[in-house]
Each structure stands twice: as structure tokens, then as C-alpha cells.
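Student: Each chain is listed here by its residues.
Number of protein chains: 2
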Amino acid sequence: MDIGKDKPLSGRISRRKLLGGAATAAVVLVQTATGKAFQAGVSVAELDDPTKIPGVLPGTVGTRSSFEQPVKKPSPTSSRTPLQDLYGTLTPSDLHYERHHGGVPAIDPAKFELVIHGMVERPMVFTLADLKRFPSVSRLAFLECSGNYRGANDGKITPQDICGLTSQSEWTGVALSTLFREVGVSEKATWFLAEGGDAAVMTRSVPMSKGWKDAIIAYAQNGEAVRPEQGYPARLFLPGWEGNTSIKWIRRIEISDQPFMTREETSKYTEQVGPAKIRQFSFTMDARSIITYPSYPARVEKGWIEIRGIAWSGRGKISRVEVSTDAGKSWHLAALQEPVLDKSLTAFRYLWQWNGGPTEIMSRAVDETGYVQPFYKQLLAARGGNMGYHFNPVTAWYLQSDGQVLFRST
Amino acid sequence: MDIGKDKPLSGRISRRKLLGGAATAAVVLVQTATGKAFQAGVSVAELDDPTKIPGVLPGTVGTRSSFEQPVKKPSPTSSRTPLQDLYGTLTPSDLHYERHHGGVPAIDPAKFELVIHGMVERPMVFTLADLKRFPSVSRLAFLECSGNYRGANDGKITPQDICGLTSQSEWTGVALSTLFREVGVSEKATWFLAEGGDAAVMTRSVPMSKGWKDAIIAYAQNGEAVRPEQGYPARLFLPGWEGNTSIKWIRRIEISDQPFMTREETSKYTEQVGPAKIRQFSFTMDARSIITYPSYPARVEKGWIEIRGIAWSGRGKISRVEVSTDAGKSWHLAALQEPVLDKSLTAFRYLWQWNGGPTEIMSRAVDETGYVQPFYKQLLAARGGNMGYHFNPVTAWYLQSDGQVLFRST
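Chains as they are written, first to last, in UniProt numbering: chain A, 1 to 410; chain B, 1 to 410.
Here chain A stands alone, though its shape is the one from the complex:
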């Protein structure tokens, strides 16, 4: 799509008015601050003109507009980010998805302690103040639950329902490798256990290689202290890996030379990938994308539509996103919003002129390893007919001729 510098979009975007072109609108003189007057083809009623009323004074903490109340959809164990209501790549911290195994614990930061022990020279206990004194690191990255897929036969399902267990934050903390050096980790160590301080005492085994590479003990999120739902006062953060391994409310790390075979990596968070095959320690989140606009429950008009969405990969950067507007018959490159960052949500856009006929639109992500996001049927076949964790199919949206947008499986 090329828009010439002096050429308006030819399929006029609806509801715009040419000034003076609306015959029913009263023509009034609006006196401006600069003393100039202009004729506007819109009526300005003094009573609801906000320029006539002194505004609210600055406060200690801002608030959302009462006209904008995005909410997560909570269940007893999770709540989902309203992706269809969001713009760009950041998730407001209070809308970050939640997935808890024993609820959100109340932890006094003055009592917080992180124990690191096991195959180390110096088992140690770190307070929160200790963690904050170490060299710090920040990174923008997505976090995604591995059980992040839902469909619906009637099509009445939103991006929030389908994959709202995806969010993005700037995480700040101490690199776990710094703490590994501090306690003197044994060269023979191959795994560590991360344990949370919640009522589930959530535990996962993580290869030492990930700990050395890019693991963070994060105490800050989006500029401020980590929110309670995200692990306050400190959590493990493993960029690109399934969310449950980024243990929240971290209280203990045990260094070992074998995995610990905790409940969450034996009975849970494994997936059947064939009639007699189960995959374990499938940590990395595969590349995925979803069109967030237009999506259910939106109703669109024919003409120009900017198809918008997000793409991400646990393996690195998104190298491209392809969009189809004819049910997968042909594909077009979407524009990616710079900067495209490693293991980070990437916004994509594709400008399209809809002729009003029924069709399916869909997106597929390709990451820098060459991995291509699969269709639902491909994924199901590769998994021996089993749905489960790490289910990242292409999502299609069906546009009815009346403009109603509905989910379609691929």
C-alpha cells in the first residue's frame, strides 16, 4: 500500500465531515484564544463545552478515563489481558495477565528473603535490599502462559479469550548469573530449582544454561515495583520461556546436577505429542501472532481497514508477519513497528481495502530461526490429534457481509 504524499485515501474513511458540508449543522463563530475566528460546520453548545469550565487540578496519582475501563477476564486461577482493547506493544501493569496456582500471597518486602543453596561454595540469603544493590539490568519482553489457547464453535470469542495469557513489560532486576557468581556455583551444576513463596509453593526445574544466559531476578516492572499479581517483591523472569517457569514470589533457588521432577513438570506442563509420546521440559514459546483489529466483537465498514496485531517468539526476533485477506490463498507482508526486539511483542499493520464481501483475514508470524506459525490443523496433526500446552495456531477472523467479525479455526 503506497499512499502518495498529496493523495487522500480514495475509499473515504467514514463519518469524516467536510467543514461546512453538513447542511443540518448550525454554523457558529468560535472565538479562539488567538483572537482569530473561524466558521465551523459543527455546533458548539456552551453547556457541554469543556473549555468553559475550569478543569481538574493535577493529582498525586492519575486515573483512567471513566469512558475507558478495560478489564481482565478472571477465573479462579487466571485472568486475561484484553488484547483487543490495547494499542502498541506494552501492557499496562494492572492489565497484565495472571495465572496463579495458589492465589496472590501478601509478602512484606522487609521480610523477603531469597535463599540460594545446593551445589554452591557459599549458600546465601539475599534480602530485597541486597538484590537492589547488585548491578541491574532491564529488558522489554513478553510473558506468555504455555496453556494459552482457546477456540469457539460459534465464533464469538475475542483475542482476550483466545490468547489473552500474553502480556509485555519492561522488567528490571539483577541478572541471575550475578547471583550465581556471588554464591560460587559448582561447575558440575546443570539444573536449578526455583521455588515460589505462594500457597502452592510453585516449583520448576530450569537448566543452568538459561540461568547463566538471560535469567533475571526482577524486582521492577514497567518502571515501578513488580505488582503483587506479578510476583512482588521479586520474581524469576526467563525471557521467551513458558510463563510458569518464571517463578513469582521467588524465595529459594537450589543448584543441582539433575532436574527435580516437580509436580508442575511431570503431571502438569507436559504435552502429548503422539499416541505414545509426551514432551517434557518444552520451555520455549513458539512464534505466534494474532490480529487484534478487526476481531470479535467488532463490526466493521467496507473501505479502508488497517489490520493490526501483535506477534512474538520465544526464540528471538520476529522476522516477518504475513497477512492474508482471502482465507489463506495469498499472503502479504505486514509492516512491523520498529524497534523489533528480541523475545518481545512486535506490532504489525497491514492496510487493506475491504470490498464488503464475506472473507477470512489471518496473520502468521515467522521468527529469525525461520519457524513459521502453523495452522490449527497442522498443529493438531503434528501433536497426534492432541490439543494442549504450546498450542499457537494461526487465528482467522471471518468478516460477514454485514461487517460482523467472528473467530474461525484454521
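Quick caveat, the hints were computed from the structure, so don't treat them as lab data.
A few of these clues could be false.
When chains are identical, the list treats them as one kind, so a pair holds in a single copy or across two.
Only pairs whose alpha carbons sit at most 16 Å apart, straight line, appear in this in silico EDC-like list of lysine to aspartate or glutamate [claimed, not checked]:
1) K188 / D108
2) K111 / E68
3) K111 / D48
4) K111 / D49
5) K188 / D257
6) K213 / D49
7) K277 / D402
8) K52 / D108
9) K188 / E271
Got chain A sorted already, so can you dock chain B onto it with the hints?
Tutor: Chain B only, in chain A's frame:
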């Protein structure tokens, strides 16, 4: 500073405990979820052990921990971001600084209209829905008030007080150049007027070149709708330029071939730069930095200290930040957190071992144009002894031998 992979920091970070090394702590057996037991040199009182109490279930909107309540410092016309309480580069939207000339208006988004008229082929009115249908763009960028400097003779002043009228968000909206094409701007146009819908009907003249280059009509901030204090439902955003030109609650843009000489660019927002010289239309924010840790009111201990801060420039990317720990006698390169983005807050860090003796620490930013952040005295001399807008001096922090950190002018 080089930290060897297997070498702990030699000046031990205080309050960390070697496990079992604290003679007064009761040794208890902690039963973990994995069935393994370990001896910890810290007592675990069941009564305040959060693992023994089911946690709070997921909700529709998250909240801050009651232990963390960062606040802006409001006056009748502004409120300041608590920079000393923040981490990384993002400002939570509810902590974004405010500077209003007539308070925050209440605007019904369904009634919002943006008029673009003047030297155009087709004067038009755009609703919020219209703006959202155009191709969109996102960018992470700082916003700073041009009147963003304060000092204090007693040294008891925080980064929030000194330059808390600096914040950063990811802004999303429609490029103003897209709207210029839509209305058919005259080739003879050189300036446009931006007018806000607040009680002050805030107005500024902006060169067309900035409008074509990177101006945005922003309807989203940090993933969600722009907050009321930041211009809901839509604002002008001019990356790198003094905050007051990024007109909030934008309602009118008039295209012209001359500046409009509004109150805010004649009696206000000009600065005296010599005995008989006043600078007008000084739009671009100069490069600046501030150490946010350690800073007043912190009290630090001797040993390793990670000096942390933020740097930014309205002219482009930060190319380097230099830190002095000896009152400006010698300077060292700070590490910059990647990605370093154009006209964006950049986090810097410098690891330093404090011997406990009184000294001054300070930072200075250098941007990609080669501009070097000046000292207070240099700046004052260059301005003919006048303080005013665009005052961006190097800020020093004096470390007393008791660890108390106090502001020092440079």
C-alpha cells in the same frame, strides 16, 4: 569495572547472610514442595508465612502493593514524576508528570472532534473513530516540560523536585502527515496552530516541517487509551520538543504561512539569553541526565554502589553518559541499557566502590549531535545570568561521610 565470572564482589554487599552463618538465627527444617529438606539459617514463623494461607484470586484489574505507593508531587498547575522511585525507562501512566494551564477537562470521546482548516484544499472534521481508522504508528519517547529545573540551597531536594517534569511513554496514534495529506495542505504553508480543548484553550504555533516529520495525533499511551491528564481522548505529540507544544485535548489545527504569536509563545515559553536578547520558538529539549540513585533522600553505605540514572535528548539518541565520582575531576563511561532509542529515555549505570569519604558524584549526557550537557555555571553564563526555560544543568550529589546524599549545584 570488570567482574570475573567466578569472583564475588569483594566489597561485600551488606546484610547478605551466609546460610547458617548467623549464630542468633534458629535453624529449622523447611519442607519444600519437592519433598526435599534443607537447613536454613533463618527462622520461618508459620504465622506470617504466606505459603500457609491461600492467596488472593485473580481480578479484573491489578493493584499496586500497599508497601509501594509512589506519588507525584502536585501543585495547582503541575505534578512531578517520582524519578527516584522508578526503575528502567518507562513511566507508569498514572505517574506521568502533569502540567496544565486550565486543569484537566472532561471530554466525552463520542463528542470529540478535531478540525483541520486554514491553508488546505478540504477543511475537515475528524471524530475519534475517524482518527483510529487511519494507518497508525507507535513510538517510545520522553516528554519534558521546558520549565523543568529546580535547585535548593540546603541540598534537600529529590530528582522528582529537580526534573520530575520528565516522563516516558509508548505513544500510538495517527501521523499528522497522514492528516495533512487528507486535507490537502497548501505547499505554501509554513506553520500550523495547535489548539487544545481545555479551559485555557492552550495554543502553540508549530513549523510545518515538524508536522510532516514525526508529529503524531496520539490516542493511546502505554498500550491503552491516553489518560485524561495526558490529553484524553487525543493529543498532539511532538517527539523531543518542549512539552507545552504537544497540545493536549487537541481540537483544532489551523494551517498558515506564519506563526500565530499566541500568549504561550510571546509572554511565556521564551527565555532571556542575554542582557538584551530573548529566545523564541526554542522548541528542542537539550540533552540531559540525572543520577536517580543514589540521590536525596537516600543514605548509602560504603562499598559497592551501582550509580543509576536516566539520560535523554530532544535531538536524537544519547551517544554516551559520563559519570564522575570525584566532583568532576575525572570522568568514566557509564553503561547504557540497550536498546538506545531516538528521543527516548536511556538508562545508564556505573558500578563504583565508595570508600566512605565525602565526595560529589555527577553525570553528564552527550547526544549523537555531539552536544554535551553543561554545568550550572556554564549555562547561567551563556544565558547572561538568567535562569529560565530549557535549563538542563549537570546535577551533582554530595555524599557525606555518614552516607547522607544531598543535592549540589554545579
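Student: Hints first: check each against the structure and report whether it holds.
Tutor: Outcome of the hint check:
1. K188 / D108: neither (35 Å within a copy, 63 Å between copies)
2. K111 / E68: between (37 Å within a copy, 15 Å between copies)
3. K111 / D48: Answer is between; shortest inter-copy Cα gap is 10 Å, intra-copy 52 Å.
4. K111 / D49: between (52 Å within a copy, 10 Å between copies)
5. K188 / D257: Within one copy only: 6 Å inside, 73 Å across.
6. K213 / D49: Answer is neither: 57 Å inside a copy and 32 Å across each miss the 16 Å cutoff.
7. K277 / D402: For K277 and D402, neither the intra-copy (46 Å) nor the inter-copy (64 Å) Cα distance is at most 16 Å.
8. K52 / D108: For K52 and D108, the Cα distance is within 16 Å only across copies (15 Å; inside one copy 48 Å).
9. K188 / E271: neither (29 Å within a copy, 65 Å between copies)
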